[in-house]
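Turn these sequences into a full structure, and let the hints steer you where they fit.
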Amino acid sequence: MSDKNDHAYIPRLRSQLAEGQINRREFLRTATLLGVSASAAVMMAGEVRPARAQETPKAGGSIRIENKNTAADPATMTSIDASNSTRQTLEYLTETGADNITRPYLLESWKPSEDLRSWTLNLRKGVKWQDGRDFTADDVTWNIKRLLADETGSSVLGLMKGYMLNETAAADGKKSHSLWDANAVEKVDDHTVRLNLKVAQIAVPEHLFHYSFAMVDPTASAKFRVGINGTGPFRVVEHNPGRNVVYEPNKNYWGNKPYLDRLEFVDYGDERAAVPAALISGQIQGILNAEPQQMPLLNSQPSLQRYEVLTGDGPALRFRVDQKPFSDPKVRLALKLAVDNAAVAKLALGDMGSAGEDHMVAPVHPEYFQLPAFKQDVARAKQLLAEAGYPNGLTFEVAVTKTPAYHVLVVQAIVEMWKQIGVNATINVMPTSAYYDIWTKVPVGLTSWAHRPLGIMNIGLAYRSGAPWNESGYSNPEFDKLLTQAESLADPVERRKVMEPIEKILQEDGPMIQATWRKQATFYSKKVGGFSMHPSQYIFARNLWLKA
Amino acid sequence: MLNFALRRLSQLLLTAIVSSFLLFVVTEFSPGTVSRQILGPYALPNQVAQLDEKLGLSQSLPRRYLNWVSVLVGLKANPLGDPALGLDLHDSRGERYFGNFGYSLMFKQPVRDVLGEPLRNSALLGAVAMIFIVPLSLLIGILAGANAGTRLDWSISSLCLIITAIPEYAAGVILLTVFVSYLGWLPGTSPLLASEQWSVASQLVLPVTVLALATVGYVARIVRASMAETMTKPFVRTALLKGLSKRQIVTRHVIRNGMIPPLTVLLLQLNWMVGGVVVCESIFAYPGVGRLLLQAGLFGDLALVQTITLLSLAMAGVTQLVADISYVALNPRVRLT
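Read top to bottom, the protein sequences are chains A and B.
Numbers 1 to 548, taken from my numbering, label the letters of the first sequence in order.
Numbers 1 to 337, taken from my numbering, label the letters of the second sequence in order.
Since the hints were derived computationally from the structure, they do not count as laboratory data.
What you were told as hints is all true, and nothing was included just to trick you.
One side only, chain A facing chain B, incomplete, derived with CB under 7 Å:
hint, residue
1, Thr76
2, Ser155
3, Ser221
4, Lys223
5, Pro241
6, Gly269
7, Pro468
Computed, partial: chain A to chain B, Cβ under 8 Å:
hint, residue
8, Thr70
9, Leu157
10, Gly158
11, Lys174
12, Ser176
13, Tyr268
14, Asp270
15, Glu271
16, Ala274
17, Pro431
Note that the Cβ used here is the ideal one computed from N, Cα and C, for glycine as well.
Below you can see the structure in the form of C-alpha cells.
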C-alpha cells in the first residue's frame with residue numbers, strides 16, 4: 001500500500017493515526033493533500049468505505065434546479081451560482097468534496113516536494129475535450145498563465161499572488177504582476193506540469209479548485225455559451241442569460257456518463273422569495289440554498305428533502321486598526337468581550353448557526369485548536385474601555401451588506417449588546433456591490449468570508465500584514481511569523497500546536513468579532529437522488545438521478 | 001392635427017435627450033462601478049483599473065455621453081466591440097447602424113438581443129392584464145358613478161379603496177400563500193418555461209391577478225368620479241326632462257363624456273405595464289422588462305438601463321399622444337393646436 005514515491009511525511013501520518021493522535025478524517029485529508037489518491041488513503045486508513053444502503057441510480061429523466069447564471073468568462077466569475085453553471089461543462093484539476101477533502105480530478109495525482117515549494121501535477125490520461133481533442137499539459141499551463149495575468153482580471157491572481165507572482169509598481173504608481181520566475185509554470189511532459197513556488201504553500205490543491213480555476217479550451221473563446229468546449233459531463237444546448245441554461249449529456253465524456261437526459265438551471269435573480277414558491281409547486285426540483293427565514297416553510301413540505309452541512313462560513317465584523325479608537329487593542333478587546341457570540345448566532349441564524357470564537361478557525365477545519373471558552377464579560381469590557389480613555393463609551397457606524405439577510409441580523413444583535421458598555425453604533429445597510437467597492441476602507445464593517453477547506457486559508461488572506469484582502473490593516477509580526485510556520489506544516493498535529501497561539505492572538509488582539517458559523521442547507525424534491533450538500537454550495541449534476 | 005403631433009414628438013425627443021443625460025449623471029454618482037461588479041469583490045484594484053480603462057469608464061462624463069449618442073445614431077462603431085480589447089463582445093448586426101443601443105455588460109450581448117424576449121413577455125403580461133382591467137374597471141366605475149351617493153356606490157367605492165391600498169408585494173405574498181402553499185392549485189413562479197405540470201397559461205394567472213388588483217380599484221374610482229361629475233351636468237337634466245330613461249342617458253350621453261379622464265389613466269397604466277412592473281415581475285420571477293430593469297440597475301449595466309428608460313419614455317409619449325387624439329374623437333369641443 002505504501003509507495004516509495006509517497007511523500008516522506010506519509011509514514012509518520014500513518015503512525016499518528018494508529019496512535020490516535022489524529023482521527024481518520026484528518027488522516028484522509030492530509031494524505032490526499034500530500035498526493036495519495038483518495039482510494040489509496042482509505043485503504044491506508046485501514047477501513048473500507050462502508051457501503052451505504054442506498055438505491056441504485058437510474059438513468060434517464062430531466063430535472064430543473066434553481067441557480068443564477070451569467071455569461072461570464074469563467075476566469076472572472078464572482079459567484080458560486082455562475083460557477084455551478086460552468087461546472088457541469090468545464091472541470092477542475094482537483095475537487096474538494098462535500099466531506100471537505102480535496103482529491104485529484106483532471107489530475108491523476110499530485111506530489112509536493114519536501115519543502116512544499118515544488119508541486120508536480122500528473123494529468124489524468126484519456127481525458128478529452130468535447131470536440132475529441134486530448135486534454136494535455138499545454139492546456140493546463142496555458143490556463144494557469146492566463147489566470148495569473150493582470151489583464152484577465154481573475155480572482156485567482158489575488159489567491160496565488162503570494163507564491164507565484166512578483167509585483168512591480170510603475171513610476172505613476174500603477175501596479176502590475178508577472179510570474180516570479182520564468183519557469184514557475186513548467187511543462188515537464190505532455191501529461192505532467194510542475195508549479196515552482198516562490199515560497200512554500202500547502203493549499204495548492206485547494207487553490208486549484210477555486211471557482212475561477214475551471215479549465216477552458218485555449219483554442220476558442222472562454223465565454224460561457226452554447227457549445228462551449230469543455231471536458232465535463234454535460235454540454236450546453238441552450239443558454240438564455242438571466243433566465244435559464246439547458247444541458248444534455250456529453251456523449252464523449254471521459255468519466256462515468258451522467259444519469260440525467262436533460263438538466264436545466266433556472267435563474268430567479270436576486271428575488272429569493274420566489275424560489276421556495278417554485279420548489280413547493282414542483283416547477284423546480286432543487287434550490288441552491290435555503291435562507292434561514294425560509295426554513296420553517298420548507299421544512300413543513302412533505303415532498304422535500306432537507307440537506308445540510310456545517311461550514312467555515314463566518315462573517316467578520318472588523319475594525320480598521322489604523323484608525324482611532326480601534327488602533328487601541330484594549331478597545332478591540334472590550335468590543336469583543338461585550339458580545340455573547342452564542343446569543344448572536346441564535347438570534348441571527350436560529351438552528352442554522354453555531355457560535356464563533358473570534359479567531360476565524362472553524363471546528364470543521366483539520367487544524368482547529370479548541371481554546372478555553374471565550375465568555376461575554378461586560379464588567380471587564382467597561383473597565384477596558386475606561387482604561388483606554390473612553391469611560392463614556394463610543395459612537396461609530398457599522399457598514400453591512402443587504403444580502404445575505406442574516407448579516408444584518410448579526411450586526412443588529414452585536415450593536416444591541418454593545419449598548420451595555422455605552423457603545424452606540426449606527427448601522428449602514430448597503431447594496432452588496434457598493435459595499436465591496438469600499439470594503440477594505442470602511443472603519444467598521446461586516447465582511448463575508450466564504451468557507452474554505454483549511455483553517456489557515458481565510459486568516460492568511462485577511463490578517464497577514466500587507467495582504468491584498470487585509471481589510472482591517474491588521475499587522476502583527478508575531479502573528480505573521482506563526483502563520484508562515486503553520487503554512488509550512490503538512491502535519492495537522494504539528495500545525496494544530498501552532499494554531500493555538502495563532503487563534504489566541506486573533507481572539508485577544510485581532511481586529512474582528514467573528515460571532516457565527518453557518519450551516520448550509522438546501523432542499524431538493526425527494527424524487528432526486530445522488531445529492532449531497534457541499535459546504536460551498538457547489539452542484540455536481542453528474543451524480544444526480546431521478547427516482548421513478 | 002399633424003402640426004400638433006409633430007410638436008408633441010419633438011418635445012418627446014427633447015425629453016428623451018435630457019433624461020438620458022440625467023441618467024448618465026445619476027449613474028456617475030451611484031456607488032459601485034461596473035468593473036468591480038464584473039470582476040467581483042476579490043479582484044485587485046489594478047485589475048479593476050485595467051478593466052475601467054478598457055470599458056472607457058476612465059473618460060470624462062460628457063465624452064462618454066457623446067460616445068453613447070454617436071453609437072446610438074450609427075455615427076460611430078461601438079469601441080467595446082473591438083476584438084483587440086478581448087472583451088468578447090460581438091454584434092451580428094454589424095458595427096454601425098441606427099438604433100445601436102450598445103452592449104449589455106451583464107449579459108455580454110447587444111442590448112437589442114437582451115431586450116427582445118423580455119419586451120415580448122411584458123407585452124404579453126400587459127395585454128392579458130388589460131383584457132381584464134379595462135372591462136372590469138369600466139363596469140365597476142360606471143355602476144358606481146351612475147348610482148352616485150347610493151348604498152351600492154358606497155360599497156363599491158370602499159372596496160375599491162381597500163384593494164387599491166394593498167401593495168403589490170403584499171397581494172403577491174397573500175395569493176402565493178393561499179393558492180400555492182395551501183391549495184397547490186397554481187405554480188409559485190412564472191418563468192414561462194412550460195413543464196408537464198404547469199402550462200405557461202397557468203403561470204400567467206397570479207401575476208395578472210396582482211396587476212388587476214393593483215389597477216382595477218384605482219381606475220374604477222377615476223371612472224366613478226368622472227361619471228358622477230358628468231351626471232350632474234345640465235345636458236343630463238335636459239335628457240331626463242326630454243323623457244329618456246336613466247339607462248339611455250348613461251349609455252348614450254354620460255359614458256361618452258365621462259370617459260375622457262379615465263382614458264388618460266388607462267393609457268398611463270399601459271405605459272406602466274411595459275417596463276414598470278418591477279415588483280410584480282420580481283415576486284413571480286416573471287422574465288419581463290421590469291425585472292430586467294431591476295437586475296440591470298443593481299448591476300450598473302448602464303446601456304441596458306438607458307435603453308429601457310428610453311423605451312419607457314417613448315411609450316409614455318406615444319400613449320399620451322394617442323390619449324390627446326382620442327380626446328378629439330370623444331369630445332369635439334377639444335381643439336388641438
